[in-house]
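Asker: As a plain string of letters, each chain reads:
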Amino acid sequence: MAGPSAPDAERTHPATGQGALPGFCVRLGRGKPLKLDCGVELADFPVAYQTYGRLNADRSNAILICHALTGDQFAAEPHPVTGKEGWWSDVIGPGRILDTDRFHIICVNILGGCMGTIGPKEINPATGKPWGLTFPVISIADMVRAQALLIEHLGIESLFAVIGGSMGGMQVLEWAALYPEKVFAAMPIAAAAHHTAQNIAFHEVGRQAIMADPDWRGGDYQAHDARPHRGLAVARMAAHITYLSEKALQEKFGRKLQDRNAVSWGFDADFQVESYLRHQGSTFVDRFDANSYLYITRAMDYFDLAGRYGGVLADAWRGTRTRFCLISFTSDWLYPTEESRKIVHALNAVAANVSFAEIVSDKGHDAFLLDEPEFHRVFQGFLDGAAEHRGLPRRQGR
Amino acid sequence: MNHADAALISSQRAIRVDLQLIADMIEPRSRVLDVGCGDGALLEYLTAFKQVDGRGIELSTEGVNACISRGLSVIQGDADADLKDYPEGAFDYVILSHTLQAMGEPREVLRHMLRIGRRAIISFPNFGYWRIRLGFLFGGRMPVSDLLPHQWYDTPNIHLCSIRDFVALADELGLRVERSIALNESGAPRRIGGGFFTANLLGQQAVFLLAK
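For the protein sequence lines, the chains are L and F, in the order given.
The first sequence lines up with residues 0 to 397 when you count with numbering that gives the first Met the number 0.
The second sequence lines up with residues 0 to 211 when you count with numbering that gives the first Met the number 0.
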């Protein structure tokens, strides 16, 4: 596909398709459609992305950041809908770990997402109506294939690094499996190579909450000008519990009451933890599409990298030359250390270049989004080491 | 000053005498796995001076994080559990410095080292050292020294051996001793002869280069 001459040139153009959103939007799959794992082909579809820092002359300093289930491409700037700081603002920026003075950071809204990339809330050009549940079921590999189309479109032959936490980490694992020659360094954080029964179970609770909301209207809520906000909020509340450790919840809230001295003998949000979760749920629905939530959680549930390679996870990366660094957190019970260790064992079995650190943290799964100094030190060290091997300039003052 | 120079200077300052001996046994540009690599001093030295393709395994969180922060490729794990995953002949050298005595199954670890590596380099404190023998003979208490600083109740060193014990195990496993060096208390190296008697008495620690 013929792309623009340089991404810099593209920056001067306003985003197409999503006039209201900052960043960029391109239409991909025009020459050759994207064939999804489910068999459906997607042609001429929008992909929205954001970049930070400049691409260097030989296009060797690009880092792809893969966002998690409810993240999006606005990783290092105030969110256009909520106004909140980007989810990795403390990691991306001048002089930070993902130093925008040295690296060109790309973050793509995933396939099936709801921030400009094609997903169930977008209009299906064939019908003129929102896709809704007619949108094809997607996989993590499909998300990665769409990102690869974008990277090709941007004229970037190989990425210096692909980095992501949680579902972003799953995408990193897929990148290294599908496009080993395009990934110099890979950093899956708090991730797993498959979804366990418990992971699927929690997602199913969320999906059932959405579908039980009468406003969901069989997935066709956009046509009825309704939104299943209550169902989506409950889904978010249930999921949010899995992102925190028991200890973190207990220390933050314990049995503390919300704006009262005694329980109300009713079903109001008596406890602070209830109030907190309700807040998490109600703010989430403003920025996230319920059907997107169904499709993305499904993609995660279907993720089973070993399954594609006859049950031998190592075969996913046989012959790889990518430098890997896996990170897990001690209190993460959603994707526990054991899951990262399985990946490390598989990478060792193919003699891959792999680092692995388990970071002591009581912040649970969400630790990858938080200020964890030890995590950031390892992150920085791995990236600097990889940059040196790639021949990229060193960090200032080092 | 570039990174390699900085590493060189810090390595020259920091590297232990047994690590220096190990480093001298390693061919440039080889593939090396350092089992129990600690804070990565040897790996960093080997990367800077011998341009090796180095990997490490380390049990302690602080060690692993220090290594990765230095840009080294190190995984958190332990030899008892993790060596079995590596394919045959993945490395030219597998190094185990002052760690053998802390392994749950040192014999299996040695076997795996020479399965996944063409050669193995092992250094360990010699329990046959005369001071240990005398100390126990006259003091009647478990030995505590610079090399074995732990009390009996909190020591990770559960499988201590003498130079002669080690040679006997290597024989049993059909491993060839290519080089063997004993170090006395001041760190002066001496070649271990055929009889092992003198080295076993005078060597405070030993370094062996083994092949199949």
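Bear in mind the hints are in silico, worked out from the structure with no lab data behind them.
Certain hints may be false.
[Said to hold, decoys possible] Calculated from the model, a selection of chain L residues having no Cβ within reach of chain F, i.e. all distances over 12 Å: (1) L20; (2) A42; (3) A56; (4) S157; (5) D219; (6) W332; (7) L368.
[Stated by the list, open to error] Listing some non-contacts, in silico: residues in chain L with all C-beta distances to chain F over 10 Å: (8) G92; (9) L149; (10) P179; (11) Y308; (12) G309; (13) I358; (14) G380.
[Said to hold, decoys possible] Listed next, the in silico DSS-like pairs over lysine-lysine satisfying Cα-Cα at most 30 Å (straight line): (15) K341(L) to K83(L); (16) K49(F) to K181(L); (17) K128(L) to K246(L); (18) K83(L) to K251(L); (19) K83(F) to K341(L); (20) K211(F) to K49(F).
Even glycine gets a Cβ: it sits at the ideal position worked out from N, Cα and C.
Asker: Each of the hints needs a verdict: does it hold here or not?
Answerer: Hint by hint, here is what the structure shows:
1. L20: It holds; L20(L) is separated from chain F by about 36 Å at its closest Cβ, greater than 12 Å.
2. A42: Its Cβ never comes within 12 Å of chain F, the nearest being 42 Å, so this holds.
3. A56: holds, 22 Å
4. S157: With a cut-off of 12 Å, S157(L) remains clear of chain F, as the shortest Cβ separation is near 19 Å.
5. D219: holds, 49 Å
6. W332: At roughly 18 Å from the nearest Cβ of chain F, W332(L) sits farther out than 12 Å, so the non-interface label holds.
7. L368: Fine: 19 Å to the nearest Cβ keeps L368(L) off the interface.
8. G92: holds, 20 Å
9. L149: holds, 29 Å
10. P179: The assertion about P179(L) holds, with a minimum of 17 Å to chain F.
11. Y308: The claim stands: Y308(L) keeps its Cβ more than 10 Å from every Cβ of chain F (closest is about 16 Å).
12. G309: holds, 18 Å
13. I358: violated, 8 Å
14. G380: violated, 3 Å
15. K341(L) to K83(L): Violated, at roughly 36 Å.
16. K49(F) to K181(L): OK: K49(F) and K181(L) at ~29 Å, within 30 Å.
17. K128(L) to K246(L): Status violated; Cα separation ~46 Å.
18. K83(L) to K251(L): At roughly 21 Å apart (the allowed maximum being 30 Å), K251(L) and K83(L) satisfy the hint.
19. K83(F) to K341(L): holds, 13 Å
20. K211(F) to K49(F): holds, 24 Å
Violated hints, in rising order: 13, 14, 15 and 17; the structure is consistent with all others.
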